[in-house]
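So the chains spell out like this:
Number of protein chains: 2
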Amino acid sequence: MLDALFRPKAVAVIGASSKELSIGNRIIKNLMDFGFKGAVYPINPKADEIRGLKAYPSILECPGEVDVVHMVIPAKFVPQAVEDCGKKGVKHIIINSGGFSETGPEGAAIEKDFLERAKTYGIRIFGPNCQGIINSDPEIRAYCNFTFTMPNPGYISIVALSGGVAEVIHQGFSEMGVGTRIYASNGNACDVTIPEIIQYLGQDSGTRVIVTYVEGLRDPANFMQTVREVAAKKPILAMKAGRTKEGAKAAASHTGGMAKEDMATDLIFKKAGVVDFRDEGELIQAAVAFASQPIPRGNRVGIITNTGGPAVIATDVLVGAGLTLPPLSEKTAAFLKERLYPEASVGNPVDVLATGTAAHYRACMDAMMEDDAFDCVFVNFVTPFFVDNESIAKEIVAVSQQQKKPIVCNLMTDRRQWTDVVRILQEGGVPCFSLPGAAARAMAALVRYHAIRNREPGEVPPFVDVDARTAREVLKKAAGTEGFLASEAVCEILGAYRIPVAPWRVAADAQAAVKAADAIGYPVVVKAEAPSIIHKSDMGGVALDLGDAESVRSAVEGMQRRLQAENLRFFVQKYLPKGLEVILGAKAEEGLGHIVMFGLGGIYVEIMKDVVFNLTPVTTAEAGEMLSGIKGKALLEGVRGQAGVDQKALQDLILRVSKLVSDLPEIEEMDLNPVIAYETGAFVADARIRIK
Amino acid sequence: MLDALFRPKAVAVIGASSKELSIGNRIIKNLMDFGFKGAVYPINPKADEIRGLKAYPSILECPGEVDVVHMVIPAKFVPQAVEDCGKKGVKHIIINSGGFSETGPEGAAIEKDFLERAKTYGIRIFGPNCQGIINSDPEIRAYCNFTFTMPNPGYISIVALSGGVAEVIHQGFSEMGVGTRIYASNGNACDVTIPEIIQYLGQDSGTRVIVTYVEGLRDPANFMQTVREVAAKKPILAMKAGRTKEGAKAAASHTGGMAKEDMATDLIFKKAGVVDFRDEGELIQAAVAFASQPIPRGNRVGIITNTGGPAVIATDVLVGAGLTLPPLSEKTAAFLKERLYPEASVGNPVDVLATGTAAHYRACMDAMMEDDAFDCVFVNFVTPFFVDNESIAKEIVAVSQQQKKPIVCNLMTDRRQWTDVVRILQEGGVPCFSLPGAAARAMAALVRYHAIRNREPGEVPPFVDVDARTAREVLKKAAGTEGFLASEAVCEILGAYRIPVAPWRVAADAQAAVKAADAIGYPVVVKAEAPSIIHKSDMGGVALDLGDAESVRSAVEGMQRRLQAENLRFFVQKYLPKGLEVILGAKAEEGLGHIVMFGLGGIYVEIMKDVVFNLTPVTTAEAGEMLSGIKGKALLEGVRGQAGVDQKALQDLILRVSKLVSDLPEIEEMDLNPVIAYETGAFVADARIRIK
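Here the protein sequences come in this chain order: E and S. Numbering (the numbering used here) for the first sequence: -2 to 689. Numbering (the numbering used here) for the second sequence: -2 to 689.
Keep in mind the hints are simulated off the structure, nothing from the lab. Possibly wrong hints are sitting among the right ones.
The list makes no distinction among identical chains, and a pair is therefore deemed to hold if it is satisfied within one copy or across any two copies.
[To be verified] Capping the alpha-carbon separation at 25 Å, the derived lysine to aspartate or glutamate pairs in DMTMM-like fashion look like this:
1) 26 to 273
2) 246 to 368
3) 84 to 46
4) 26 to 387
5) 26 to 385
6) 267 to 665
7) 26 to 411
8) 401 to 340
9) 109 to 340
Same shape as in the complex, but just chain E:
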């Protein structure tokens, strides 16, 4: 339980210092400046007092219990200090100092050392090499951190390994005049993890929205599980950086990790129900809306404005993000026509005109809150000198505080002149933005979370018809080359999972191949199989569309001449008639499961990169989304009067592939390419499996 870490009653600082510009001094100053409600114990054997507080020579000599100890001492002294804390009965240590695993093997050894000691005493370590935590709860007011942004109490909590980005986000809220709740930046995170903190924030009733930033995930499976549970109840907004090769390299250089462009994090975000962002500014703005507004029940927005152009921009952004602008109902239109100026534009957007009064704004907001055609309300508000803007602001606050439907406000003003307007809206908790696009994107994020929370969960079918034991046995026996399984092993495994494969046989020579082809029916494909052969087609080991016995014989004899491989056999398979080529694949993702891929085959995958991904276990709903997620989905549905293909069969295939790789985690990579889809059914024409 991290409660004592985030809600400490007494904090000690080992390495407390009298030097103004040192971290050991700053943390004490911050605790005092922020009005910490508990006791602060500077620990310094050489000082009597620091910043007017009595200093103690050792943690052991502190009076009373200590919930959180900061360590601001050289790395080499940390293990002994942890030992002392253990003796004192301390349960949480924030190690601000660096010099551990981020610096190399020597530091890593120290980290391992203190961590073992901490475990002995049941101590949880936050950090090392970290900023620390802040809790702005008026009952706590713990600024256990050496940074400089003093937040007002609020409902947004921030968690990230990266102190730099967490602080930038923190400053973003501060600049907007929006309060925050808990702030946690845990650097190396050798013990207390991000998922653990997110879990804690999920239970913290003062946190309405959780904001996080990642450059990669340490323990993706754990992250996935925790975040999924929390996100179902409370919005989690996240951003991942290190998306480009260069960005990943920059991330590796500052975390000491491996440079890796990963796709899995995005898929985890999606599957876990995280509202993800590509831009930190958008993330900040969205969090501001989540902090005070209810979640909309749909995507239908009403726009109220007192100026034209900004409403056009807002409309573009809202519609571009998938929101709709329903027309006003007759009743609403009639209601507003009675109340607004005759020249006002009564529609959606409704333009009350620059001369529009507080009563006009209120009438519009009331009408849209009442009208079932709207799920949320967007307010554009420029402050002309000739109207009573303070009253308009008060009405917006009043409606926002009803918490009926979410409202965001694009406030277009000079904040130095219209200080009362700004103050009224800010104190009233109205999410205010300075640009129509920013306000619109914040509103769109609320709608996005609604869609996530209400999405069809689907199910992972149990597939009682699969024969996992046979597949496992085939896999165990399969001595492939460079991990690649022989075609027959591949087909046996697919067969065991009832994944439809074109009929096949294995033949030792030309005569057997002809016999096999006769049994299968022409045309057939013949592939050369031998432990030494990997890239069959490059070596002339594949012959397609063989229409008769003579072609088969001549193909096999040709391969025998050309390849001269030991243990050469021939895989004879039905050559499937023309249909729509699609591809399916799976790839193991460390610490997580597999990524399953689906896309259009042939030139579409190569040139148009028209593929979509998901994580195992894929649900029925997710498989359906994958089919409709490709750009060329019209090809699945049928175009130019052609019939579409059997999407049910493709969905089943995706689900069976997901089941197969979930059951057989030793599969590193699997490619079904192509799968030929028909009006009825879909068959694997060629497949590869590589094991670890």
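Take the given structure of chain E and dock chain S to it, following the hints.
Chain S in isolation, oriented as in the chain E frame:
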């Protein structure tokens, strides 16, 4: 010449008022508050003085010359007031009042009336229904506007019809502490146009960057020509809204224009060399960078940081926008290793660490300014309490003021605490942003303008081999159905422009058709032609791939039976062998010329929408860009060991289509679909032309 409008020496306000909350009072207040350097004459027959200034009963009684007259009077009084201004010799009138063409025919008539009178006297009208202008030039300080944002003098000028958006942008600069120069929002713009103002700003030496917002273009050809000339010398940053159907509708409702989603504006921006934006925030941030920084000579950026995560975000955004991060040269690396902390990360990004000093920052900036591997420098700067941040700020200012290479700064601080740092950077003209993504996008915009200004202009080939006269004659004679020309007329016109078409003949009956086919060579296509037939293929009027005389005969006879049309003829054409199907098209754009389209044919255009557009006259460089602009360009270049197609021939085709529609503006629409491209050559297989 608009000089007296933007640099007035005396301003009169007809409709000046003593009432505090009236526009006629506010304009006078604004002029006085802003420190206008000239004379202000309130005009009001019922007042002796307004805001302490002597009021005059009529413009005719003003002492001395008046450069600019504001009119803040009901619409119906405007024509007479214009007449009076004419008599007084006034040359510029800003009509702030509304009630003109934006309200309907009655108002439009008044607008026409006063405009005619103005022309008689050589008066230029700014507006009506507009905010007005501001010029912050210390010699002028004209705030001829009723809004409330008082700018500091700067180098950014803003021009837009929409007062709402112009003001939002204006506030954006003000909030960032960045000055602006000229502000012009001309509402209905019945006389002085946006292009005219842009031209003026192009010549204004105090304007370094021009910012504009449009919802549509009144006179696209004029806009194009003016903006192109100006953008070659000075950056023009623009945003267009009304991009969605709903946004276009919202735009129409507030401008009284037609709802229209246009593509032409984007193409004009591109062709004219405008730096275009989809987000007003990005536009504002970019302008801040342009206002003080030189244009980079390339896209190679060096990043300096004192914190890890934000550099990762910046890297992602910069690389995503097409910039590159070259490694440090050995010399630069050695230079920095000597000067930075041993633990600093000497690479690109270079991380000086949170403890990095002003000397460290300076060394990095100097090295990157010196090193030819870099075109621009990105600085991440968080302000830890334990370093001398003011000195770091001063070094950034010093390097920025060298104006060697552009520099932008992501300043991560609490602006209320680090006021000196903020002031030093702001006064030093360093473009500062609060988020790494925002700073990176501003830098990317500088690079984008560099690329625009240095792009290959190409040329519009004269094509002396085309026979425009024949084409014009064919067009004149062509009595098409619903504007569609007969196939033979289409082929004749294409032939006149040396656009290669599959060989063709016209036949009256089956016997003639067979004769034609014999002459052309099999296989052929036969199409039924008659004035009453438009959608040939739907009516069974097209037969493809006819391999012999018998097939031709039977196809023709079948059509004769089925169609029973008057004047039925048969268009016989060579059936082209398989190649890569592409499409080419052109569509007239009102007031502009034509939009030319190129894309992949068949299902690529239908499903993947893989098409690109450009405006006539298309240059050689633009035609080349069109070829490389499609997503499936690899198909043109050749994939899977297949040879590519004749891109030279396709480029030539695009240029000839551009020439053709430019010469024959009565062509409303032209479709060459498909064009079959081969390793050598490309031939039109089917074509349609529709005239007005």
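Each hint, compared with the structure:
1. 26 to 273: This pair counts as neither: shortest intra-copy Cα distance 36 Å, inter-copy 48 Å.
2. 246 to 368: between (52 Å within a copy, 22 Å between copies)
3. 84 to 46: Answer is within: at 24 Å inside a copy they meet the 25 Å cutoff, but 84 Å across does not.
4. 26 to 387: Between copies only: 21 Å across, 38 Å inside.
5. 26 to 385: between (44 Å within a copy, 19 Å between copies)
6. 267 to 665: within (23 Å within a copy, 47 Å between copies)
7. 26 to 411: between (35 Å within a copy, 17 Å between copies)
8. 401 to 340: neither (29 Å within a copy, 54 Å between copies)
9. 109 to 340: Between copies, since 22 Å is at most 25 Å while 73 Å is not.
Of the numbered hints stated above, those contradicted by the structure are hints 1, 8, listed in ascending order.
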